[in-house]
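Visitor: Okay, here's what each chain looks like letter by letter:
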Amino acid sequence: MAAEEYAGEAARSRGLLHSAPMPGAAPQRCAYHAERAGFAICMSCRTTLCQECATQWDGIWHCTACLAKKGTAPRTRSPIAGWVVVTAASAALFYCSIRVMVWSGVLLAGLR
Amino acid sequence: MLDEAADAVRVALPWTALLLAAALPWRFLQIVFADRLLDLGSDASRYGTYLRSAALMAMLAFLVSRWGRLVYARAIRLVHANGKNPGRETLRVPPSVLADYVFIATFTELLSSMTAITFVGPPLCTMLSGSAIGTAELNTTASISEPFRNIARAKESKIVFSLLLVFACAFVVAFINVAAAFALGYWLVSGMGWFDAQRWAPFFSFNNRRFVLAAIGCALLTLEPFWIAAHVMLVRKAGAAQSGEDLRAWFEELRRA
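Just so you know, the sequences run in chain order G and E.
Here my numbering is used: position 52 in the first sequence is 52, and no number is missing along the way.
In short: position in the second sequence from 1, add 1000, done, that's my numbering.
Among the hints, a few may not be true.
Unchecked claim - Simulated pairs of lysine to any residue, SDA-like, Cα-Cα distance not exceeding 20 Å:
1. E:Lys1237 <-> G:Ile41
2. G:Lys70 <-> G:Gln56
3. E:Lys1158 <-> E:Leu1128
4. E:Lys1158 <-> E:Leu1002
5. E:Lys1084 <-> E:Asp1003
6. E:Lys1237 <-> E:Ala1021
7. G:Lys69 <-> G:Ile41
8. E:Lys1158 <-> E:Met1001
9. E:Lys1158 <-> E:Met1127
10. E:Lys1158 <-> E:Asp1003
11. E:Lys1237 <-> E:Ala1152
12. G:Lys70 <-> E:Thr1141
13. G:Lys70 <-> G:Glu52
14. G:Lys69 <-> G:Cys96
15. E:Lys1237 <-> E:Phe1161
16. E:Lys1237 <-> G:Lys70
17. G:Lys69 <-> G:Gln56
18. G:Lys70 <-> E:Leu1138
19. E:Lys1237 <-> E:Phe1033
20. G:Lys70 <-> E:Arg1149
21. G:Lys69 <-> G:Met43
22. G:Lys70 <-> E:Glu1146
23. G:Lys70 <-> E:Met1001
24. E:Lys1237 <-> G:Gln56
Keep in mind that the hints were calculated from the coordinates and are not lab data.
In this text, all values refer to a predicted model and were calculated from it rather than measured experimentally.
Required output: the full structure, derived from the provided sequences and hints.
Guide: And the structure:
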């Protein structure tokens, strides 16, 4: 019990559990392991997690379930479509850049 | 951050040479284009076809220079991560990163040309361009929205603006130094018997527009490595602060001490 309280205190001191328990209130427990003290909160589903269940991705804590959902989230567009769009957009911008470069240059030269 | 950028530039010196080699044609053709425009003046509108071909050449050189910038930004990132000069790994730029960067760089160039008349647009576009090169390696897929998302996520506009001011001052200093270097070189060579100093004197003068344009181009080339390194460092440091990586590194450093 003392070890769990110590772990909870350590987690709070690191700012991982933002809501410090009131005196006498039950310490936060891992949603998947009731015997373990809370270590972090999943930023997607707000579940309290122990050190084993919490995974940090891109600087944010997630639970396994939410992370799996992110991993299996259907892609809205295939990579080929992305390539086609980027190439077409770059080519269009390239063409426009030449035109606009001349246009603005002529405009600025005319101001002299 | 600027000190760290300067250190990284020193370590990545061979890649600086590559950057300058890639950027040189772009700056040269920019100068040629500006010179032609100033030559033509108000008659420039009659020479549309000629100016378009000059602009096309400049824009092709622009693409090469963007590749050089991206390789250099990667070199700086690797120097920042490993503390030593990276090898051929630097040249292995992922195609999606290159595609995204070419897209955002061309967009910035277009925006810069469109807003050139306002005199406020180009500095803002320079800030956007700096953020684009800083965040270029954060792009993971070929997408037209991801580069903008990564720039917006960086949220370092105040520091990017500060960098713009610092580099504006540095540009003035670099311009004076480049002009002084040209003058010194001219003075040294003029002491030699075979050199016709009288003939070349008008060229190395501020009355000569081409000399001024060449000095501007050289000053920009001189600053470019530091400018890219500063933006890459800024993005990496901001990312490390967000993820707590900087604290972890600091704890490790304390533990070792």
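Visitor: Compare the structure with each hint and give your call.
Guide: Status of the hints after comparison with the structure:
Under the criterion of a C-alpha separation no larger than 20 Å, the hint pairing Lys1237 (chain E) with Ile41 (chain G) is inconsistent with the structure, at around 25 Å. Only pairs whose Cα atoms come within 20 Å are accepted, and Lys70 (chain G) paired with Gln56 (chain G) is accepted, the gap being roughly 13 Å. For the given pair, Lys1158 (chain E) sits about 12 Å from Leu1128 (chain E) by alpha-carbon distance, which is consistent with the 20 Å threshold. Under the criterion of a C-alpha separation no larger than 20 Å, the hint pairing Lys1158 (chain E) with Leu1002 (chain E) is consistent with the structure, at around 15 Å.
Only pairs whose Cα atoms come within 20 Å are accepted, and Lys1084 (chain E) paired with Asp1003 (chain E) is accepted, the gap being roughly 16 Å. With a C-alpha separation of about 28 Å, the suggested pair Lys1237 (chain E) and Ala1021 (chain E) falls outside the 20 Å cut-off, and the hint is violated. The hinted pair formed by Lys69 (chain G) and Ile41 (chain G) meets the criterion: a straight-line CA distance of about 17 Å does not exceed 20 Å. Distance hint between Lys1158 (chain E) and Met1001 (chain E) is fulfilled; the C-alpha atoms sit about 14 Å from each other, no more than 20 Å.
Taken as a hint, the Lys1158 (chain E) and Met1127 (chain E) pair is honoured in the structure, with Cα atoms around 10 Å apart against an allowance of 20 Å. Between the alpha carbons of Lys1158 (chain E) and Asp1003 (chain E) the distance comes to roughly 19 Å, so the proposed pair stays at or under 20 Å and holds. In summary, the hint linking Lys1237 (chain E) to Ala1152 (chain E) is supported, as the alpha carbons are separated by about 16 Å, within the 20 Å threshold. This hinted pair checks out: Lys70 (chain G) and Thr1141 (chain E) have alpha carbons roughly 16 Å apart, not beyond 20 Å.
A threshold of 20 Å between alpha carbons decides the hint, and for Lys70 (chain G) with Glu52 (chain G) the separation of about 19 Å falls inside it, so the pair holds. Of the supplied pair hints, the one linking Lys69 (chain G) and Cys96 (chain G) is violated, its CA atoms being roughly 41 Å apart against a limit of 20 Å. Between Lys1237 (chain E) and Phe1161 (chain E), the direct Cα distance comes to roughly 16 Å. Compliance with the 20 Å bound is thereby established for this hinted pair. Proposed proximity of Lys1237 (chain E) and Lys70 (chain G) is contradicted: the alpha carbons are some 26 Å apart, above 20 Å.
Taking the CA atoms of Lys69 (chain G) and Gln56 (chain G), the gap is near 15 Å; set against the 20 Å cutoff, the hint holds. At roughly 19 Å between alpha-carbon atoms, Lys70 (chain G) and Leu1138 (chain E) fall within 20 Å of each other, so this suggested pair holds. Between Lys1237 (chain E) and Phe1033 (chain E) the CA atoms are separated by roughly 38 Å; this puts the pair beyond 20 Å, and the hint is violated. For the hint pairing Lys70 (chain G) with Arg1149 (chain E), the CA-to-CA distance comes to about 18 Å; that is within 20 Å, so the pair holds.
About 13 Å separates the Cα atoms of Lys69 (chain G) and Met43 (chain G), which keeps this hinted pair within 20 Å; it holds. Note on Lys70 (chain G) and Glu1146 (chain E): the hinted pairing holds, with a Cα-Cα distance of about 17 Å set against a maximum of 20 Å. Between Lys70 (chain G) and Met1001 (chain E) the alpha-carbon distance is near 35 Å, which puts this suggested pair outside the 20 Å criterion. Among the hinted pairs, Lys1237 (chain E) with Gln56 (chain G) is consistent with the structure: their alpha-carbon atoms are about 19 Å apart, no more than 20 Å.
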